[in-house]
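Peer 1: Quick note, the sequences are listed as chains A and B, same order.
Oh and the first sequence: position 109 is 96 in this note's numbering, straight run, nothing missing.
One rule links them: number in this note's numbering = place in the second sequence (from 1) + 61.
Derived from the structure by calculation, the hints contain no laboratory data.
Predicted model, so just to flag it, every value in this text is computed and none were measured.
Heads up, incomplete: computed chain B residues facing chain A, CB under 10 Å, no partners named:
1) Tyr84
2) Gln87
3) Leu306
4) Thr332
5) Ala343
6) Ile371
C-beta atoms are modelled at their ideal positions from N, C-alpha and C, and glycine is treated no differently.
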Amino acid sequence: MSIPFPEQEFKIYALSEQAVTLVFENEINEKTASEISNFNRLLNNNPFKGFTSSVPAYTTLSIFYDLLSVISSDLPGENGFEKVSNYLKSLNSKNQEDVAEVPNRITLPVLYGAEFGPDLDEASNMTNLSVEEVIDLHTSVIYKVYVIGFVPGFAYLGGMDERLASPRKLTPRTSVPAGSVGIAGKQTGIYPLETPGGWQIIGQTPLKMFDANRIQPSLLKAGDEVKFQSIGLEEFNELSQ
Amino acid sequence: MMEISISKPGILTTVQDSGRKNYLAQAVPLSGTLDGLSARIANMALGNHEDFATLEFTYAAAEFKAETDILIAYAGDGAFLVADGSKLPSERPVFIPAGMVIKLINNPEGATTYLAIAGGFNLPEVLESKSTYLLGNFGGLEGRNLKPGDRIFNSENISFLSQNIMKSLEGRQISWPSWYIPRPYFLPKNRKIIRIFPAEEFTWFNSDSIISFLSGDFSIGLNSNRMGIHISGDKIFRRKQDELLSTAVCPGTIQVTGDGEMILLMADCQTTGGYPRIGQVAAVDLPLCAQLKPNDSIRFTEISRDAAEILYIEREKELEKFKLAIESKF
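Pulled out of the complex, with its shape left as it was, chain B reads as follows (with noise of 0.2 Å):
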């Protein structure tokens, strides 16, 4: 059994897994991880599954205590981990011995960090997944963020992979082997450049708008959150003045308020909208998004939707011969 205890949750600290599919018809969010390839990636270290439930944390100022020893992988640009005055390296598994207290100090590369755990931690699931969904109150650990004093468990279902790779780390110093996860080799060089695909009403805007998106710096808004992430520069202004009926959206939907802001749809977004959409995200691009801080300045850059669709199953191809890597090393 392995446990860890929050001394300090951050910002925001939520527990998030692969998210909750089934219940979109009765307007429950999908929730999960912002940032999905970090998450899978600090799973897969550890010979967990994908989907596992991890940490999410927001920036930095979190601290937690290993109550057990613990093996441990995080992954994602909000933070780095620090243990026993020492940076603890990313995307790989880590084991750390009872009573060592792990700091999430500043990462100013990104937003959002994800910690797993070997097994997954162990919380219940609520409508077919342990992701927190803070309006509704539900999911996670008591459909709350974190605070101090939380404890929290793996699952002692771990895989035989996990146990490997604990026998191979453990002892009484931290340790860590030389292999990891490159995140990077799944990523695009400029980070900052999102590909979209027109969405439908992409042609109820007038051409000069489309000229801006799709080649103006835009800035990212102060009030982001899991829900959306709020885009400014120049506004976006329609031809045809429709009104939409609402239907359904999804995580990457980039809505045009009335007043021609961009609203770039995240997790916990609602699931029907009725803003029209002036393009969809790259489902490739989304974990770049999650890494978004306020300020940050991006673009946007157009592809079609056959080339999402290619990105995404490369991306999973090559997620999958690292994984089959892992459990050949074992």
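Extracted from the complex, chain A is given alone in its bound form (with noise of 0.2 Å):
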């Protein structure tokens, strides 16, 4: 089912008729989120014919593309899939310099506590921890968007402090609003969208993270770095505006 490639940092198998997956590594990290980024840069900036986009993940890209573009492309190959894998092994080893950005940076405001937090008390107790010092923690760190998944504009963020680390609600909410920031195991990220939800909800930002008229919808991106930062009432009804 999966070509390895030797030489190659990844491995690829196929999705589906007109996607494959790029496999990095085995676990999350740093490096491995960096180079899945790097590549997917130097992917979009060299499309190949019939590419229509790419799925960044924890360990994996997943490129997708029209069938009959490829297959009507000069790439060689006996099919689509081997089309795609030799244009995508190509463009891995003859690109050797360094394709790295500056990854963006996003300050997001979060009011915390009360009701745009209601588990922060929950989430104190369950940490040892005193509020502040939840707010401090999560605060004081800045994240890496790893995944964009779930549902539109959903970021899973890495990095957070482990003291942090809280399991998810017994019972999942029926509704969580968009914008509430909660705290799932060792991950912590942004609802967008007004959806069921079992993280503990710790606080919410007055941004808004996903919007269907905007050019780029998701207001984060894999890839993009993250810091929260607390404010208060006024500050929140502000930039809710």
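Can you join these two chains into the complex? Each is in its own frame, and there are hints to help.
Peer 2: If you want it as structure tokens, here you go:
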């Protein structure tokens, strides 16, 4: 099912007739995340005929294409899968120059606690930290966006202080307001839409994490860096407008 | 200009086109028609571009009215269209004069039916598509299911081909030609056998479960929707308990949940998932899946990824032939 590339940094498998997935590593880390970001940028700057889009995840990059365009291209290979695989392989090997870019850094204002973060007290109890310590630890780190998934614009952030790790709620809420900032296990993330959710909600950002009418509808994208900043109610209301 | 008004929306009626391909990395689902073959055939029969927006009806019980003269076509197995006491034939253009009421009556064969109109439905694009995404409340008509009183127009930019088809049929009566695009021609004889190729985690499952998967009867769960079809039968067990880190999935992916149940992902599925995947449905068989109803009995059969790719290319060539044949008629 998979073709290993001995000289290469990834293996490749078919996701569908019109998509392949590159596997870079087996565990989540910063190095893998930047390899994926760099290769993704390289590919989007040098697309092949038929390329439609790419989806970065923790250790993979999936590449979607129009099969008929790929088949009609002059890429080497017996079929669509081979043609795309060969192209990706050549792209990887010929491009050794540094394509790394400084990631975007986005500061997200968050109102912690009260009705905006109904689980802040519970999180403080579970972690044996004071509410102030929870907020300090949550705002002191620079997070990395590993994946946008689950619902449009939902960013899974890595890099949270492990002292904040808390289990999901036993019974998920049927509705979590848009902008809610949550913790689940070692991850933290922001709900972009009002959806059901099982994460511990510690605060809320007034920023619109997803807006279908924006050019880039999702405020965050994989590879971005995120910092949280604690704000008060007045500032929250100003920014909500 | 053509206009229809919805008097009864039925269970679920949404606007869908070929989907939203360019925002997957922002976790915006593909969306679009569940049964792309039927929707394309309805569009082709009118001389429309195949990707034009259609109405996707789930089962029957819907009703709409021609507010003007209209040229429509429908395809799919969820319902038959009836007007003026007679059943309208599917897979071909049908002219209907203003004032006529069109009802959808039950077709026991399947679940979804697509209605196309000459020129396509005129609605704004959101993120490069007219498809409705209910969870995100965007696309289609105000991001929602259609409701009584909704009025929808066609786009006035209709092709020469559509105009010529219209001219050949318009009058005071309902009329249709004898030619049509035979949808069964594109489908296998047994529509309850779904061809799959092994997915990346296929070997994570134990051999008994793989045998069950490829030889057993499975039934369609009640809680199936545009996001996914729940498949019940023998539980699928794993021999390898590794944790899968969330990675991209797509319509046709069959995930196995922690309790051994299978979920076949459909058009509105999440863009990433963390359940191990046992199979990927051949793209040519996704239209069959779109027609499955709760309690239907199905089987899976294995083909190679190469074979799935060839089937796809062959079907596209066949569709192209019909398209050219219609163009050459007018």
